[in-house]
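Asker: Those protein sequence lines, which keep their order, are chains A and B. All letters in the first sequence, in the order written, are residues 77 to 186 by our numbering. All letters in the second sequence, in the order written, are residues 91 to 258 by our numbering.
These are calculated hints, taken from the structure and not from any lab test. Warning: the hint list may mix true and false statements.
If you want a taste of the chain B side facing chain A, the calculated C-beta under 8 Å gives, among others [claimed, not checked]:
1) L104
2) V111
3) L157
4) W184
Computed from a predicted model, the values in this text were never measured in an experiment. All C-beta atoms in this analysis are idealised placements derived from N, C-alpha and C, irrespective of residue type, glycine included.
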Amino acid sequence: MTPIPMEHVLIVASLLFAVGMVGLLVRRNLIVMLMSIEIMLNAAGLAFIAGGSRWGQPDGQVMFLLILTLAAAEIGVGLGLVMQIYHRYKSLDADALNQMRELPEGGEAS
Amino acid sequence: MELTIFYITALIALVSTTMVVIQFNAVHGLLYLIVSLLASGFIFYLLGAYFAAVLEVIIYAGAIMVLFVFVIMMLNQGKATVEQEKRWLYPGIWRGPVILTALLLAELLYTLTTTPVGFAGHVVDSKHVGITLFGPYLLTVEAASMLLLAGLVGAYHLGRPLSGRSAP
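Based on the sequences and whatever the hints tell you, model everything.
Answerer: Shown next as structure tokens:
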């Protein structure tokens, strides 16, 4: 009954975070970029849980709950933004949005 | 033995997360992301954080992923996308996620049947989490509720249909 070493959990969490960050930087699809942000938040929560389990404190799980709340709110607003962008530009390509400062014809900043 | 289970679960999480990043189609990436979140929930269970494991499965792999599925469904409309879906959903695309999920299920059954509850490290049960959450962290809970309200209002404002505006 050996406990899981915290270093290995932290290594897994950092690898997950790195994969999410690479996805955020490499991919150009907006939905995949949002999913990469979810991966990074989940990796941060895993690190918090590892710390809380290592020292036997409930603070790690409390922080994970807050991360969960943040992720839910962020993904609601983010998906709303994605839908607005798709309706306005007919594309989910992040590179197509570099003209955001000047709105296309007919579009209005609500 | 539980160390071996932890390493297998971590490998499943890493492989499925990598597949999320390198998949071209968003729906396939979503399938792998659900597997990755389930594996993370299992790691939470192995670490003794049962409450967080349950919340991970219910909220992350359930609610938030359903939001993603809804948005992907709403963004793909028309007859062309139906044919596109037919091209995407060739049999065999489910093979990778199903294999990873079956591995997770086998691990879960093994862990539930052979090892006693609370074998790994310190177990922080939900009672302590609740006492801490509504004790020293009470103000933070209020801030989180305000954040959720702001997210609700923002999502409603952004998700309105575009009636009355001329589409470009």
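Asker: Let me know if the C-beta of B:V111 comes in closer than 8 Å to any C-beta of chain A, holds or violated.
Answerer: 4 Å, holds
Asker: Can B:L157 be said to touch chain A, with a Cβ gap under 8 Å?
Answerer: 6 Å, holds
Asker: Holds or violated: B:L104 as interface residue toward chain A, Cβ cutoff 8 Å?
Answerer: 6 Å, holds
Asker: Per the CB criterion, is B:W184 less than 8 Å away from chain A?
Answerer: 18 Å, violated
Against the hints set out earlier in the document, a violation occurs for number 4 only.
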